[in-house]
Amino acid sequence: MLILSRAVVRLLSPLVRPLGGDPAGISALLAAQVRTELRRQRGATDRNTFLLKLAGGLFTGTFLAVVLFLLRPPAGAWMTITQSMVLALTVFTTLEAAPHLLADRRDLAMVSSAPLRDATFVVARILAVVVLVGVVIASQVAPTFVVGIIRWPQAEFLLVHLIASGVIGLLGVFCTLIIYLAILRLLPARKAREGIVFVQILLTITLFGALQLAPHLVDLQSEASIEAALSRSAAFGSWFPPRHAGEWLRWALGELPIDRALLLRGLLLPAVAGIGLLVIASTRLLERLRPPELGEDSPGRRARPRAFLAPLAERLLPDPVERVGYDLFRLLSRRERGFRLRTYPMLAFSVLFGVGYLLQFSRFGSVWEIRTPHFGIPVYLTFLYTPIFVLQARFSDDGEAGWLFDRSPIPAPGRLLAGMGVGLVLCFLLPVSLVSALGSLILGGPEVLGHVGAGLAFVVWATLLSVAIFGRALPFAEPFRAEMGLTNVGILAFTLALGAAAIALHFLLGRLPGSEWGLAVLYLLLARRQLRRLRELRPRAIVQRWFPAGGRSAGDSEERAAAGT
Amino acid sequence: MITPESPSPSIRVSALRHRYGSKEVLTGVDLTIPAGTVFGYIGPNGAGKSTTVKILTGLLPGWEGAVEVCGHDVRRSPLEVKARIGYVPENAILYEQLTVGELLELVGRLHRVPTDLAERRIREILGGFGLEERLGTRIQALSKGLRQKVLITSALLHDPELIFLDEPLSGLDVDSARLVKDLIRGLADSGRTVFYCSHDMDVVEKVCDRIAIVSEGRIIADGAPRELTEAAEQGDLEAVFSLLTRGKDAARDTRARVERILGSLAP
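Chains A and B, in that order, are what the protein sequence lines are. Counting in the working numbering, the first sequence runs from 2 upward without gaps. Counting in the working numbering, the second sequence runs from 306 upward without gaps.
Looking at chain B on its own, in the form it has when it is part of the complex (with noise of 0.2 Å):
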């Protein structure tokens, strides 16, 4: 929501529809961001989240209703878009031949940073990171976490105003991953907004200032992690999240999956 004081949102969607064939994705997503704020956006698989972030990221067609991403109309102006967003995606294919500098260069001069720019802000990040020494190394030799990080650099070279976090932590220690979670707070703190999503309930509860629930393709919940467990009168986001996706009936049905499978083990 939206307070008369705030400054523009860094999204605004509205009545968002979009299928794939004859089946409706995402049935009227309306969403209202402001700037400086960690949004969490969940859902089970199949809600229409991917469908969503590639339309706010300008790469899907095809899509009916309005949306707005940095004052910027994505229909319209999806290269401006594009030039104010960052992208971490989940299990990104990389140049695999190519070594960590070279990435980081390919990516700041595709976002037209200066060199010097560029290599001051690889160097600077990397070095948060503890990567400094890893200029050299090629991506096909760095672990997932390596990755992960080298994926986060690329992300924020270009000093965006709104980036897109698909699973960050995916692969990270627990080290790496706390200092992520601070890397966010700090972004959202300094006026940037970060768009998360995540299947990990715990760390979204913990991270993000406000949550939205999505389900078949519409928003089904919305709002800050205590006030979605107040109203759903549930101990944490994982129950709010089980029964608004799958009913009350969920610890149950997950009880009766469990002993199935232990029950295949019995000799």
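Chain A extracted, bound-state conformation (with noise of 0.2 Å):
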């Protein structure tokens, strides 16, 4: 990556030097930001975050191929959709990707006070940007075109592919990016962090609606189709680029006549934005990116907890220990940028996935009864995401913030867990269990209220019980997960497992009347022992082998050095 970032840089001198960048400065700041990037962890875990992206890249490509290669769609509509997920998952990367390599302080000292121009600055800044997103583009892009030239083994598909790829990727990293940096230039940095998120939020769970509801719209193996739900926005559809590329590809494989303007337009589209991007870069792009100021927040004025969920919080959590850890979790997954970016959309996924499985299902008409089972199923389906929040829910990305409760007289660190625990379902996991309740209520009315009540309980103690068999590892960062032995694999594995044998047991009850109602009880006392279980998990099997050296100080990695540890 070194090399290509090499290459690119140089490629573009002739460029930048008349904007007034320095080529061997740009080079030199944006290898120290790719070296760090690839170097970066999460966290204190051990694992590479770009080395997840690019697999996330891959596995999103190969998903996607897989798809196309079952629907066989005709080329421009192959074109258009494969072109869209690179538009898509260019955005995402982007607007991942740019806080911390647009606005990366760390190196911000050195440069503010060496004898570089702003142009140096920002074109480093942008192309560390586009080097890296590229890269976990070229990974999406390359199954899909791996299953295209097996379709079409021709010249001009390969063409096509590229360029369409390459401009597209371009496109989103550039617009993505003048977005970002419209936000930053008009509100106060805080404000425009949280708007950030938002969008990254509001886009997953579009994306993801789109994904549910494209099957039941529009025909994919229709060209017409395709063409038909474009046109209803007739100036979306012609400025929609992943469009464009469709035409391309049909005009090269001879379907179509080219239509000159069509291509120009979908040419200089990048073009513009690359030009928009340096106008809105280039003005105090180094101002900008500072710190925010000290004491931005409101003085004075202590959060508090929402009125309606303490007074159940404190009657489910008696001791003070516990409190905290349901304290500590609810204000740490409210304002963490991760964590918020990683479950937020899954709790309108769940919801989704709820819908779509009732809309689904109501389209057998004569099994879809009063009183039928199939109404708690949406509410089960909730337990399917429960690792992502288990898995994300911490208190902290770096192990060592747990000095804190090291060196608190805490005699069961279990509390801390099961205040955690009761906050992953109070706050995430019955509300968006209760909303696709709501959902098989008014489809079903009153009748189907135990099911539905079943489902939320089974929620509620699975949820709990996840915390205990993963909670080992909690709740400090999932780097200590990989040193119990859990895998990701092995929790899919128990959340598909689990979940099976409680949707199986709710249908195979579902014949007796009143099954459901006794199901809902079972589970909350099943939920309560497994609270009570939580609190008691031994603090030989938290605090002291996550902390074997009981937290760091300076004179920490001096010793350790000192005795060769």
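These aren't lab readings, by the way, just hints derived from the structure by calculation. Beta carbons: idealized from backbone N, C-alpha and C, even for Gly. Treat the hints with caution; some may be incorrect.
Over the 12 Å line for every Cβ pair with chain B, so calculated as not near, a few chain A residues [as the list claims (entries may be wrong)]:
1. G21
2. L72
3. L269
4. R324
5. L329
6. L332
7. L348
8. L405
9. L435
10. A469
Label-pair distances were calculated between CB atoms; the ranges are [to be verified]:
11. E521(B) / L55(A): 43 to 49 Å
12. T207(A) / L570(B): 57 to 63 Å
13. V479(B) / G277(A): 48 to 54 Å
14. S495(B) / G57(A): 54 to 60 Å
15. R11(A) / G476(B): 40 to 46 Å
16. L5(A) / G450(B): 39 to 45 Å
17. L20(A) / A544(B): 30 to 36 Å
18. R428(B) / L5(A): 55 to 61 Å
19. M2(A) / D464(B): 32 to 38 Å
20. N350(B) / G57(A): 38 to 44 Å
21. P366(B) / V147(A): 54 to 60 Å
22. G339(A) / D421(B): 33 to 39 Å
Both chains come to you apart, so use the hints to assemble them.
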């Protein structure tokens, strides 16, 4: 990647010099950022975040390639769908990367005091985003390219696919950065960061919703159907870049005559976006990226717990240590960017998933009876997303933050987990389950209350059980999960097995009148027992395992180094 | 040294040994610190200071010897020890997303300080530091000096008998450093014990009633600052420290290193 970065800088140096940039300076800054990103670890984990992103891109690309292989849409639709995913992934990856790449403050002090022009700094930052996002997009494009070249083994396909991916990728990066920098310019830094997180969550939910609804709205195997869908909004359709890519492929394969205006429009868009980006970025970028002013929060006011949950939490968690676990998790889950990005969309997904199930099932008219156990299933399905919340739930990415608990007289650190578990239930799993439950009640009427209740009670119990099972590695950072020998596959297997067993049991007992109420009571009793067991988790299993040396001070590493450990 | 009239010591350590892997980092430490003392614990990097502090605060298992803190055996009653001590680490990782008020409330609850009392102490202590208007400020927005004050507040919230301070003046401006030094003196005068770790010899010499110098896992000097400087026939504690930890040639060695660095800057 360093070689790629240097090549890109060399290629762009004739453009950069007239703008006042110094290619050597750009190369140095870019190399430093690329190296840092390649070595960047998420919190205290050993796993390389960049490699994870590459793996994510490859997974998405492979998934899409398989879908396209099975659906076999026509050429234009194929390219439109592929490039739509490229655009979507580019936007997401750029939004995720921009705050820490563009606004990377680690070298700001050094850069501010070096004789570098703004242009050097700006171009280096933008190129860092382009290079790193570009590599991730390439990992997504590769599988779809392989499937496409098998279907259309022609040089025209190769050329169009490469050009389209490059053009749309660049367009995605530039436009996203323009929006990001515009937000930074218009809003105070902290509000801007909140705004970006909100946009990311909204986009994720929109994309997932679109993926869920698209098969119901458009016949993906019909060019005419896709054309009709895009034409519903003529302005959008004619300016939607993936559609241009579809048209290019159809021209290249001789299916359509070339429309030079459309071709030009498609190629001009990223150029215009690039110029716009340079303009918006060039004005005092260094100044805008400075750390926020100290004390920008409103002084003198303490955050209060939400009134309607606090009494319930206090009733469920009488011990102050438990309430510490609850409050800490609740506050951090509302404020920590990484947690919100990874979990908030899941709240919508689980609802969409449940709604999708109900809609799908409503097609089978004769089975759609009142009192059917099916009405409880959308609520049970919420549990499938529980691992994401449980594994993301943490007090801190840095296990060293646990020093506060180490130094406190906590007889049973399991109480912290109990508080976190209740927080997960009250703040996330239960509310989203209630939304699914509401959908079931609206469609099925009050007669299905028992089935819905059984689903809700199951979610409560299963969440606490998950915290207990995975909880030996909580609540400080997920790297401890690896130490505890828990793998993603194992966690997924557990979730699927438990969820499937619960659903099967619900159906099996469905014919017995009142069985759903019995299940609800059983799950609630199990939940109560599980909470008690969480509280009793032995200190040795948590604190001493995590912190065998009890935290870190400046002298720690020297003493360990002196001891050769 | 305990006199017959003094109260029972805050810290009593006897033949303390500990190893990391095959290497011994503490090779037999003996300490007795009376209550109401500001005790300085200094040593070069890697000497065993941090390991000692972790053992005294009940965090590190696997050591040999006898350690009693605030009248409780650390091995048998670590929770009793933790309930009676406060700790201000150097370079503490905090919960950046919490506000000052939230963090301190959390600490108060962990130490089971009644809510009203915790709120009053938070107000008064932060007020003493001039931070009463920062209750709603997030930790991430605080400078190093302000974080240090918040840390000191958190260590005092439950009125500990013994306070461990690791470079407590780090990041503080002159006035704040003066305040903290006076606070340390006041805590000791009111019967509390302060265990002070620092590399700043000037401060240690002014603030501490007694100092122990640790090197290579054992205490090589122990006494009041003046006793140590007189016994070593040196002008200040820094010179005593250098002499004892690096030997007679320390000053010449330092001069040689400085010349080497300056020499590299010559054209």
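(Q) Please check whether S495(B) and G57(A) have a Cβ separation lying inside 54 to 60 Å. (A) 58 Å Cβ-Cβ, so the 54 to 60 Å window holds.
(Q) Minimum C-beta separation from A469(A) to chain B exceeding 12 Å: can you confirm that? (A) 22 Å, holds
Q: For P366(B) and V147(A), compare the CB-CB distance with the range 54 to 60 Å and indicate the outcome.
A: 55 Å, holds
Q: Mind checking the hinted window 32 to 38 Å against the Cβ distance between M2(A) and D464(B)?
A: At 55 Å between Cβs, range violated.
Q | Non-interface claim for L332(A), where every Cβ of chain B lies beyond 12 Å | A | Given a closest Cβ separation of 6 Å, the condition is violated.
Q) Range hint 57 to 63 Å: satisfied by the CB atoms of T207(A) and L570(B)? A) 58 Å, holds
Q: Confirm or reject the claim that E521(B) and L55(A) have a C-beta distance inside 43 to 49 Å.
A: 47 Å, holds
Q. G21(A): least C-beta distance to chain B exceeds 12 Å?
A. At about 31 Å from chain B, G21(A) clears the 12 Å cut-off, so the statement holds.
Q) Is the nearest CB of chain B more than 12 Å from the CB of L405(A)? A) 7 Å, violated
Q. Okay, R428(B) versus L5(A) on CB: inside 55 to 61 Å?
A. 57 Å Cβ-Cβ, so the 55 to 61 Å window holds.
(Q) Just want to verify: R324(A) was marked as not at the interface with chain B; is every Cβ pair farther apart than 12 Å? (A) 7 Å, violated
Q. Does the no-contact call for L435(A) survive, Cβ to all of chain B over 12 Å?
A. 27 Å, holds
Hint compliance for this structure: hints 4, 5, 6, 8, 17, 19 are not met, and every other hint is.
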